[in-house]
Each structure stands twice: as structure tokens, then as C-alpha cells.
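Asks: Work out the full structure: start from the sequences and follow the hints.
Which chain is which? The protein sequence lines are A and B, in order. Position one of the first sequence corresponds to residue 1 (this note's numbering), numbered consecutively onward. Position one of the second sequence corresponds to residue 1001 (this note's numbering), numbered consecutively onward.
One or more hints might be untrue.
[Stated by the list, open to error] Dumping the calculated DSSO-like pairs for lysine-lysine here, alpha-carbon to alpha-carbon at most 27 Å:
#, chain 1, residue 1, chain 2, residue 2
1, A, Lys61, A, Lys104
2, B, Lys1119, A, Lys363
3, A, Lys2, A, Lys119
4, A, Lys119, B, Lys1334
5, A, Lys351, B, Lys1061
6, A, Lys345, A, Lys287
7, A, Lys385, A, Lys287
8, B, Lys1397, A, Lys364
9, B, Lys1351, A, Lys119
10, A, Lys345, A, Lys334
11, A, Lys364, A, Lys345
12, B, Lys1119, A, Lys345
13, B, Lys1345, A, Lys397
14, B, Lys1138, B, Lys1127
15, B, Lys1347, B, Lys1363
16, A, Lys61, A, Lys119
17, B, Lys1061, A, Lys397
18, B, Lys1119, A, Lys364
19, A, Lys138, A, Lys29
20, B, Lys1119, A, Lys347
21, B, Lys1364, A, Lys342
22, A, Lys119, A, Lys130
23, B, Lys1345, A, Lys119
24, A, Lys397, B, Lys1363
25, A, Lys351, A, Lys334
26, B, Lys1029, B, Lys1397
27, B, Lys1397, A, Lys345
28, B, Lys1364, A, Lys119
29, B, Lys1351, A, Lys61
30, A, Lys2, A, Lys385
It is worth saying that the hints were derived from the structure and are not from the lab.
Number of protein chains: 2
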Amino acid sequence: MKMINGGICAAKGFTASGVHCGIRHNKIKKDLSLIYSEVPAAAAAVYTTNLVKGAPLTVTKDHLADGYAQAVICNSGNANTCNSNGIEIAEQTCSLIAAELGIKADDIVVASTGVIGQKMSIEPFEKGVKPLVNALSKNGCDDAAEGIMTTDTVKKEVAVEFEIDGKICTIGGIAKGSGMIHPNMATMLVFITSDVNISPEMLQSALSSDIQNTFNMLSIDGDTSTNDMVTVLANGLANNKKITEKGDDFKIFMTALNTVTVTLCRMIAGDGEGATKLLECSVSGAKTLCDAKTVAKSVVCSSLLKAAMFGADANWGRVLCAIGYSGADVDVNKIDVYFESKAGKIKVCEKGAGVDFSEDEAKKILTENEIDIIVDLNDGDFSSKAWGCDLTYDYVKINGDYRT
Amino acid sequence: MKMINGGICAAKGFTASGVHCGIRHNKIKKDLSLIYSEVPAAAAAVYTTNLVKGAPLTVTKDHLADGYAQAVICNSGNANTCNSNGIEIAEQTCSLIAAELGIKADDIVVASTGVIGQKMSIEPFEKGVKPLVNALSKNGCDDAAEGIMTTDTVKKEVAVEFEIDGKICTIGGIAKGSGMIHPNMATMLVFITSDVNISPEMLQSALSSDIQNTFNMLSIDGDTSTNDMVTVLANGLANNKKITEKGDDFKIFMTALNTVTVTLCRMIAGDGEGATKLLECSVSGAKTLCDAKTVAKSVVCSSLLKAAMFGADANWGRVLCAIGYSGADVDVNKIDVYFESKAGKIKVCEKGAGVDFSEDEAKKILTENEIDIIVDLNDGDFSSKAWGCDLTYDYVKINGDYRT
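Replies: Here is the structure:
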């Protein structure tokens, strides 16, 4: 398997585009994105568990009921959530883009991201769909990745190439963060494209299984968004023997998908709102997988630890504290903790108590922008990883006045 | 019932003191506090649910096994947690102060607050106990309240006077916040004194019941501390007929206790780390008490809403979002939301969707330093309140480099 360029346009038959249609006041920032497959594609999706759901999610669920889709349209700048006419807007959006593309409205995945509870009008979409379709191109991934950004500071795109059944296959993805992100749902917006030939059922099975260890192990701020979804379209143009059951081909697909999703997870965490550092918590030695995940998530979610990481302060007591209140079944007196980055690795806690370490060395390690917090529970065989970011002045700044 | 001065020294027979003994480098800040009852008192306590527990909690639990205590000693600057010699230090502390006071070591409540996992020495205590006992006075509440402070910016003390059985009774308390505070345990350090005559069993019952609606409904940052406890000593010197069962006298005691604990909760929330505003979330119309509490806690815990409140931004979508992911059983389409402060009250959401409101008026309301977020679920008869604070630059600053 190898990483390649092209993002969501890397797979055969996919083009994309992004334009400014006027949902945002800032005319420099694109606010409407389109992904298009030249043939209908098997489609799978996972959605936020928040009871307050964006209208586009309801419409998308309906459209994916048959397991197929051909295009994704997504706007930023308004979440189309808690609006009395939200469903209507989402459905009209699908009709407009379907007519322009010459495909069926119920083959459209529709998504929105931005402020919740803001009135929304169909006008920017009416204006935007024609230039959006005209702009579709094999080089359109960058524009599409920009059009879905909210407080993100960098575009998030990835693609991998691999082989199934002697055929070259591709999976690519784009994502947008970067706040209101928390485990236990399909977090954020992620759109993945592939030319692999796979049944809708196996595609859904792959996605639902993968997110348990990827997007559901990612937290920026503990807030589970109303509009999150992850979708995969797989149009079959790689021409491999169709994957319709578990087996070696499915395993290869899962591995490639996981490479894409982990890469996007790390990109989203590293670009969390206001973040200066990507935090990864690697837990091993847990009694059960559930304990391993619970500990990893609790550590990356701790506001106190996140603030300490911002200050490059090796305050490992906060790691122990977060493990202690996580609810996981652990023996505190067996826990070892290390901090690691490309500047080195340092043990800070052994058997639940402090060990002497060089504060200078710790500072050097924690000043890097990717920090691994390594927790060995020394009490079993299960391990897990979770991703997050530090808590900074800029998180407060960004969220203190987001709407205006 | 009336509010009176004197804090923990207001009740008959209680004196207190606070000194600098050298646990902290900063010589201006007191770091050791003592509360003393001239006669043994019925004692009750609740403790953190964190599996990582400070050594003093273990020692205190042992000492309170018989239901009685006569003094409380508490240091700040070091949590005496995750130390190999923690129990030894806590026990030695009790022996030192007991000898100086001429009472039994197992009648001492011992507590510590500060950095976790820092080595601790008995020397500052050896030096401090004599001046601490010498300083005991009826005017010592201020000094004791200062000695337990960590990142708190203001001392937290309160006292109320009321009547039971024709006798004047008093309850007073001091508390320290102001980070690592989260629902579902006995949060923070709170020491309450009373001259009411009550059995240890009824005292414990009153405390355990009260905290469900007070300290367990308070969150600063989602981090459940390792060292939290709330203790009450009641020495009986008010000379009322001893409360040994439920009834009118017990009800009066509960009401007075609740006045003290709610006041301390609001003080702790308003002085949360970096906080500029006290947030109170008042939920009504819930199907069950559990739903009401779950919603109230979820709202005051949302980092996004806390940041919006700091910016006086009426971003009510974040309230809906936090209700939606809380796990409570709610009908989103019935929810009304208001913001209220002494500058006025404004409806921002009706039946789960936005209503037109004046942004200027909302700004004026949210610029005050005590904000009530009112949520009517319109779906039942249960209500609840939770307390928290805004998320600010200073929270990040304080916690980015707490140890150094």
C-alpha cells in the first residue's frame, strides 16, 4: 500500500469541486463542495448520536436506504440545524444539484456544517449549483476540501493505493474538524471515495467497524456535534471481483480504509480548534478492550491535561487523575506513564507513583507538536489509542465569539 | 434562618487558624489550616469517586469510622497523592497535631490539596503545628479559609443561624475550588461546622442526601479530583434535643445545611479557574429527576457553551447541542431556552427552533457576571439546577503551567 496524491479524486471515476455561493459573508472562503462519481456507487454512512440532528442527516439517511449514491454536496457556514424549514432546504438542495448533474435526487448525500439555529435560504444554492457542476474536475479535491472547512486552519485530504484481486485500487478522503468533536458517534464530516467493487452491505460493515477505533476515539472538546457524519462511496471502477463477504479481499480493503481514517483522525486532532499540538494516548496492558478505550479517551479529554500539554508541563498527576475517574477497571498501583515525541521518551510514573526525571528533558519532549502519552496498565493484554489536542488561548478565542 | 458572619467559627465551641509552614515556596500564602472543636463532635464525610485517591482520604476514613472527630487539619500546595510515603505522612500529621492539641490522633480529619505526585516531607508540619495551635481563635475563619486555597482567588466562607427545639443553632462552612471539579463525587474540599446536637448517623444521612443536589451538580472543568471531600462536624453545644431520626428538627437542619452548601457551590463555581462568570443552568419540565440533572450538568459542562458565555455570545445552538448529546430522554421539538441575568431575561429558542431576539439585549444580559441558562423541556414535572463557569484565557494560563 502507498500514499498517493489526489484525495477524493484519486479513485477512478471521481471528480470534485468547491465554490463560494454566498452562505458565508467572507467571499474569499469557499462554502459549497461537490463530489461526483461518473457511475452510481455503493454507499455507507455513520451519523452523530446527538438527539439534536441536522436536517441534512435525515435526508441523507433516506437517500442511502437503497445502499447507493452518486454525489455528495456539502455547505459550510450554516449547519441547517434547529431550523423550521431545514428538511425542505436539504431536499431542495438535492433536487437542484441532481437536475444540474442529470442524476436522481435520491442518489445525493447532503451535509451542512456551521452555526446551529441560523435561518437558511435556498438562494445561495440556486446560485451555486451551476458553477459548482461546471467546476467539477480531477483536480478538484483541494477546492472541495476547502469548501467544507469551518474553523479548520488546514485542508485535510489523503489517498492510498493498494491491490485487490490483481487490480490497482484506491481510497481517498477529505475531512473537516475542528470543534464540537467527541467520541461515541461518527464525529465531524468525512467524505471517503473509492473505486473498489464492494457491496453496500460489506461497505457499511467495513465503515461501522473501522470508526470504533478511529473517529470514535477522537475528541477535541467533549462536545458531540449535531451534524457529524462519515460517508464512503465505492463505485467499483477498479474492476476487482466484487467483495460480497469477509475474506482476504475484505481484509485488504479494511486495512486501506483504516490507513485513510487514522490519517484523517490525526489531521483533525492536530488541527483541533486553537490546537498547537496533536496528542495521542496509547494504552496497553488493559484487562479488556473496553477498559483500554475508556482510559485512552479519558486521558485525551482531560481539560487539565490538555492545558498542561499546551504549557509543555509534564504534570503526569493529571494523567493518573484522568485514569482514576475514567470508570475503567484498573489497579492504580500498577500504572506506568511515559511522555514521548520525536525529541525522545521519558518515564514519569512507575507503579502509580512519581519517579525522578529531568524536567529539562521532559520540557524538550513536550515542546514538540506531536506528543504520545503512553500508559501501561500492566494488568492485561488489551490496548487502544485515542487522539486529541491541547487546550489553548485560541480555543477560547475562537469559541468566545464564533457567530459574529 | 439568617446569614451571619464567622464562617466555621460561628458555631459554638469552634475555633480555627491558618499559617504558612513552608509547603509552598510563596511565604505570603498560608498553606496549613486547622479547625478545632472544644468537645468531640459527630462527624460525617463524603469522598471523591476517583480510583486514584489522596492518602489523606484513606486516613480520614479510618478516623471517622466511629462517627466522631474533634479537629480538621488541611494543607495546600501538595496533594499528598501518588506518593510512596503518603499514608505515613498523613498519619504523622495527625499524630503531631493531636499531641499539640492534647486529643486523640484518630479524632483528626486530615486533608491535602495541590499538585499530585510531588514528594512530600513531614518537616513543614513539624514546624507548623505549634504556631497553628497557638493561633486558634474565634476570629480564625479567614486564615483557615486562606490556608486551604490553591488557585482560588477569593476565600469562600458562609454561616447561617436558625432555631431547632427553641435553641439558636449555627452551621458554617469554608471551601476551596477551583479546578479539577466535576459532578458525581464529593467535589472539592469543604469543611462544615455546626453546634447542632445530632447523631453521626443522621449527620451522614443529611450530608449524603444534600450533596446529590449541590456539590454533585457543580463542574468547573470535567476533571474529577483525587483529593476531594466534604466533612461536617457537629459538636452538640447548641444543646437542642439530639436529632436521632427523621422529623421536623431534621428537616430544619437539612434546610440550613442546604443554604450553606448551595452558597458554597455558587462561590466555587463563580471562582472557577479563570472564570469571569458564574453559570447556573435551571432545567424544568423533565420526565424524571435523572433526566433533569443529566441535562443541567451537560449544559454547564459544555466547553463550547462555556467559551460562548465568556464572549457574551448568545449561541443557544450550543445549549441544544449539549442537551442532545447528554443522554437524557428529551423531545427536542418541545425545548424552550432562555438566558437571564440581573440585566433581564430573553427567550432564544422555542420548541427546539430559533426565535427572533435582539442581539443587543442578549449581549447586555450575557455581559453580567451571573448568568442563568433556563431550559424548559416541556415534557414532565421534574426540575434541577447545576452550576459551572465560563471557559477563559485564564483557565488555559493557570493550567498551562500549574506546577512551576
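Asks: Confirm or reject each hint.
Replies: Hint check:
A distance of roughly 15 Å separates the Cα atoms of Lys61 (chain A) and Lys104 (chain A); the hinted pair therefore holds under the 27 Å criterion. For the proposed pair Lys1119 (chain B) and Lys363 (chain A), the alpha carbon gap of about 20 Å is at most 27 Å, so the pair holds. Straight-line distance between C-alpha atoms of Lys2 (chain A) and Lys119 (chain A) comes to about 44 Å, which puts the hinted pair past the 27 Å bound. For a cut-off of 27 Å, the pair hint linking Lys119 (chain A) to Lys1334 (chain B) stands: about 19 Å separates their Cα positions.
Proximity of Lys351 (chain A) to Lys1061 (chain B) is assessed by CA-CA distance (about 24 Å); at most 27 Å being required, the pair is judged to hold. For the hint pairing Lys345 (chain A) with Lys287 (chain A), the CA-to-CA distance comes to about 25 Å; that is within 27 Å, so the pair holds. A hinted pair counts as satisfied when its Cα atoms are at most 27 Å apart, and Lys385 (chain A) with Lys287 (chain A) qualifies at roughly 15 Å. Proposed proximity of Lys1397 (chain B) and Lys364 (chain A) is supported: the alpha carbons are some 20 Å apart, at most 27 Å.
For the suggested pair Lys1351 (chain B) and Lys119 (chain A), the alpha carbons sit about 15 Å apart, so the restraint of at most 27 Å is met. For the suggested pair Lys345 (chain A) and Lys334 (chain A), the alpha carbons sit about 20 Å apart, so the restraint of at most 27 Å is met. Taking the CA atoms of Lys364 (chain A) and Lys345 (chain A), the gap is about 10 Å. The hint holds against a cut of 27 Å. Proposed proximity of Lys1119 (chain B) and Lys345 (chain A) is supported: the alpha carbons are some 22 Å apart, at most 27 Å.
Proximity of Lys1345 (chain B) to Lys397 (chain A) is assessed by CA-CA distance (about 26 Å); at most 27 Å being required, the pair is judged to hold. With a CA separation close to 23 Å, the supplied pair Lys1138 (chain B) and Lys1127 (chain B) stays within the 27 Å bound. Pair hint Lys1347 (chain B) plus Lys1363 (chain B) holds up; C-alpha atoms about 13 Å apart against a cutoff of 27 Å. Taken as a hint, the Lys61 (chain A) and Lys119 (chain A) pair is honoured in the structure, with Cα atoms around 23 Å apart against an allowance of 27 Å.
Between Lys1061 (chain B) and Lys397 (chain A) the alpha-carbon distance is near 43 Å, which puts this suggested pair outside the 27 Å criterion. A distance of roughly 23 Å separates the Cα atoms of Lys1119 (chain B) and Lys364 (chain A); the hinted pair therefore holds under the 27 Å criterion. Note on Lys138 (chain A) and Lys29 (chain A): the hinted pairing holds, with a Cα-Cα distance of about 21 Å set against a maximum of 27 Å. Distance hint between Lys1119 (chain B) and Lys347 (chain A) is fulfilled; the C-alpha atoms sit about 16 Å from each other, no more than 27 Å.
As the CA atoms of Lys1364 (chain B) and Lys342 (chain A) are separated by approximately 49 Å, the hinted pair breaks the 27 Å bound. Among the hinted pairs, Lys119 (chain A) with Lys130 (chain A) is consistent with the structure: their alpha-carbon atoms are about 23 Å apart, no more than 27 Å. Between the alpha carbons of Lys1345 (chain B) and Lys119 (chain A) the distance comes to roughly 22 Å, so the proposed pair stays at or under 27 Å and holds. Taken as a hint, the Lys397 (chain A) and Lys1363 (chain B) pair is honoured in the structure, with Cα atoms around 17 Å apart against an allowance of 27 Å.
Restraint check: the Cα-Cα separation between Lys351 (chain A) and Lys334 (chain A) comes to about 4 Å, which is no more than 27 Å; the hinted pair holds. Our distance criterion of 27 Å between C-alpha atoms is met by Lys1029 (chain B) and Lys1397 (chain B), whose separation comes to about 20 Å. Only pairs whose Cα atoms come within 27 Å are accepted, and Lys1397 (chain B) paired with Lys345 (chain A) is accepted, the gap being roughly 26 Å. A threshold of 27 Å between alpha carbons decides the hint, and for Lys1364 (chain B) with Lys119 (chain A) the separation of about 23 Å falls inside it, so the pair holds.
As the CA atoms of Lys1351 (chain B) and Lys61 (chain A) are separated by approximately 24 Å, the hinted pair is consistent with the 27 Å bound. Simply put, Lys2 (chain A) and Lys385 (chain A) have alpha-carbon atoms about 23 Å apart, close enough for the 27 Å limit, and the pair holds.
The structure does not agree with the numbered hints 3, 17, 21 stated previously, though it agrees with the rest.
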